[in-house]
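Could you build all of it, start to finish, from the sequences and the hints given here?
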Amino acid sequence: MSVECPRCAVALTDAELQGVPVARCTQCRGLWFEAHALAAARDAADADLAALGVELWSDPEQFRHAPRSGRCPTGDGALHALEYGHTGVTVDYCDACFGVWLDAREFERIVVALEHELDQRPAGDYLRAALHEARDLLTGPQPLIEDWRELCTVLRLLEYRVLSEHPGLHQRLLALQASNPFR
Numbered sequence: 001m002s003v004e005c006p007r008c009a010v011a012l013t014d015a016e017l018q019g020v021p022v023a024r025c026t027q028c029r030g031l032w033f034e035a036h037a038l039a040a041a042r043d044a045a046d047a048d049l050a051a052l053g054v055e056l057w058s059d060p061e062q063f064r065h066a067p068r069s070g071r072c073p074t075g076d077g078a079l080h081a082l083e084y085g086h087t088g089v090t091v092d093y094c095d096a097c098f099g100v101w102l103d104a105r106e107f108e109r110i111v112v113a114l115e116h117e118l119d120q121r122p123a124g125d126y127l128r129a130a131l132h133e134a135r136d137l138l139t140g141p142q143p144l145i146e147d148w149r150e151l152c153t154v155l156r157l158l159e160y161r162v163l164s165e166h167p168g169l170h171q172r173l174l175a176l177q178a179s180n181p182f183r
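All residue numbers for the sequence shown refer to my numbering, where the first residue is 1 and numbers rise by one.
These are calculated hints, taken from the structure and not from any lab test.
Since this is a predicted model, take the numbers as computed values, not measurements.
One thing to keep in mind: the hints can contain errors.
Now the in silico label distances, taken between C-beta atoms and shown as ranges [claimed, not checked]:
no.	residue 1	residue 2	range
1	R109	A178	34 to 44 Å
2	T26	E146	29 to 39 Å
3	F182	R109	42 to 52 Å
4	V162	T90	31 to 41 Å
All C-beta atoms in this analysis are idealised placements derived from N, C-alpha and C, irrespective of residue type, glycine included.
Listed below in structure tokens is the structure:
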């Protein structure tokens with residue numbers, strides 16, 4: 001099957017991004033991700049980003065989309081413009097195969113914007129996420145190890161956020177640790 005760039009109409013070449021198979025246009029440097037491959041590459045770039053729960057298809061109310069001219073690189077369907085979370089990046093997705101097209105440098109912009117969002121979230125958001133992940137650990141459909149990893153990630157992010165919001169607490173904890181008589 002021939003996979004063509006939706007911008008340049010040239011054949012895409014096989015490539016890898018963060019260990020995830022993608023197709024790349026040698027002219028415009030755009031990238032084609034098969035369904036779920038964008039999330040895999042994003043999480044491989046920074047595993048903490050999985051804690052944000054940004055998925056193109058999970059919450060239709062959160063994402064605005066509009067038809068865009070162009071066909072899916074695989075020829076399966078039409079491409080639609082979709083804003084990726086709160087990143088300010090508009091990606092193109094296929095309504096048939098759910099693949100995603102990113103123009104040059106959009107992957108990097110998504111990762112930077114999501115990392116910034118992680119840094120800006122208040123501790124309360126992480127506390128709510130930790131409680132949600134703990135509930136999923138006990139009742140969720142995912143394998144136990146996946147839920148455990150997600151909970152650990154959110155708890156670590158909660159710790160970082162609490163300590164960055166309360167630097168005095170961090171200093172007191174360090175002093176307490178240094179004076180620990182049980183060491």
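Do the hints match the structure? See the list:
no.	hint	verdict
1	R109 to A178: 34 to 44 Å	holds, 42 Å
2	T26 to E146: 29 to 39 Å	holds, 36 Å
3	F182 to R109: 42 to 52 Å	holds, 48 Å
4	V162 to T90: 31 to 41 Å	holds, 34 Å
This entry satisfies every hint, going by the numbered hints stated previously.
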